[in-house]
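> Sequence:
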Amino acid sequence: MNHFLIAPLLLPLLTAVLLILLSGRSLLLIRSLSLLSAAALTGLSAYLMYLASDGEIRLYALGNWMPPFGIVLVLDHLSALMLMVTAVLALFSLIYATRGNDAPSDKLHAMVQFLLLGVNGAFLTGDLFNLFVFFEVLLIASYSLLLHGRGAERARAGLHYVVINLAGSALFLIAVAALYGLTGSLNMADLAVKIAQLDPADAPLAATAGVLLLVVFGLKAAIAPLYFWLPRAYASASAPVAALFAIMTKVGVYTIVRCYTLIFGDNAGPVANLALPWLWPLALITLVLGLLGALAARELRVQIAYLVIVSVGTLLAGIALHTEAALAASFYYLLHSTLICGALFLLADIIQRQRGELADRISKGPRLAQSALLGTLFFIAAISVIGLPPLSGFIGKLLLLSAAGTQGYAPWLWVILLAGSLVTLMALSRSGSTFFWRTGDPVAGTKLADKGELLAVIGLLVCIGSVTLGASAVLDYTQALARQLLSPEAYMQAMQQFTVKEGA
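In our numbering, each residue carries its 1-based index in the sequence shown increased by 1279.
Worth double-checking, as some hints may not be accurate.
Claimed, not checked - Here are the computed distance ranges between Cβ atoms for each label pair:
| no. | residue 1 | residue 2 | range |
| --- | --- | --- | --- |
| 1 | Asp1478 | Gly1322 | 18 to 24 Å |
| 2 | Phe1507 | Ala1486 | 24 to 30 Å |
| 3 | Lys1726 | Ala1486 | 26 to 32 Å |
| 4 | Gln1772 | Gly1322 | 27 to 33 Å |
Please keep in mind that the hints were generated in silico from the structure rather than gathered at the bench. Beta carbons are placed, not taken as given, at the ideal position from N, Cα and C, and that holds for glycine.
Construct the complete structure from the given sequences, taking the supplied hints into account.
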């Protein structure tokens, strides 16, 4: 067993505990430790991604307890990619947070580390119960982070977020209990084998559990009609928290892909491809509602939150196509959309600070103190998120349309995706022209964005540039990822071989 597989859990856990013990001490020490840990996590994730790139599925049994009963971590192409995106987003969000968005008493850094523990655990775990546990860890941390900075609006949005996610957790537990009652196992690979051999009389109960899981994961991913909690919650959060939350919906997308290609995949007998008929219409409805929300938004942060929903709909459409090319395009797009939404949330915070009382309201106001610089950054981010050439948003959408072809319902995706780019262009043109063109005198005494804040925004945009310039290499990786996902036998075989080899 390679002990590096457990490091993405131990590193944030130990850092979080240390940060709590240091509570009240020097803010410089707290910031340094938090940033050092995030940088180490980025390096570690890059190493694990390199390790996974050879196509071998690696497993780690905690305490040397063998699956299907022991807790097992699994590293493959998909989990390694998700760890890498999370680490990069967390690093730049924390750089931004250290420029005055934290305080010694608010535990922001410790809560971010606990959130990373939950997110990394959800990506690495190989069984459903521990997926539930890691969901709870990341949700508890996210409740605290959502209230970071206080304020009545954040408290209201936080209350809705908590209530909705508690309901989701209850449904998750019911679904997990039903599957355990039917199969006697919660290990994902073992479940895939036992669901395929299920008595036809038990198929309706297994299907009900599968649909409940889809509801829970759909809630996490903010799929229509379960997205209503997201715009206000994300728009109310502090900037580094909102940027980091860009990965949270992708956790829901990840679990949908993992469960419905492995447990309820092609070989699942009477419940094979259970979710596929639902995913296609849900994806298109999510896309349309997200676009309408972005067009109608009156505040920049709400507009960006709706763009997060648009990205979820786009990803789901690629997953619903269920082909190697579509999955490869979807995960390329996931990489792009997560980083660009994070950059936009940070940029929106700088913009709103320089507009005085108008904040991020999309209405004519004062000229920004750093109008030229912020306008340039906003323009680059906008063309990327719209999907205009030459940046990665364009490449991702082009790959997705190419994978969809023109058969069956695919023309609907062409129409919605292309019209969606036009709608996003209109929405961001309205906000961009209002903030940078139709302006009056600047507000006196506004705080300029310092080098650290700009470094965080520019750093994420540079990552987008790297995904664009290295599109061929990234696409090679996501194609290998798609092949691995569509061959769940390899995952099950790796689990069986590991059990025999390590248990002997």
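> Which of the numbered hints are not met once you compare them with the structure shown?
1 and 3
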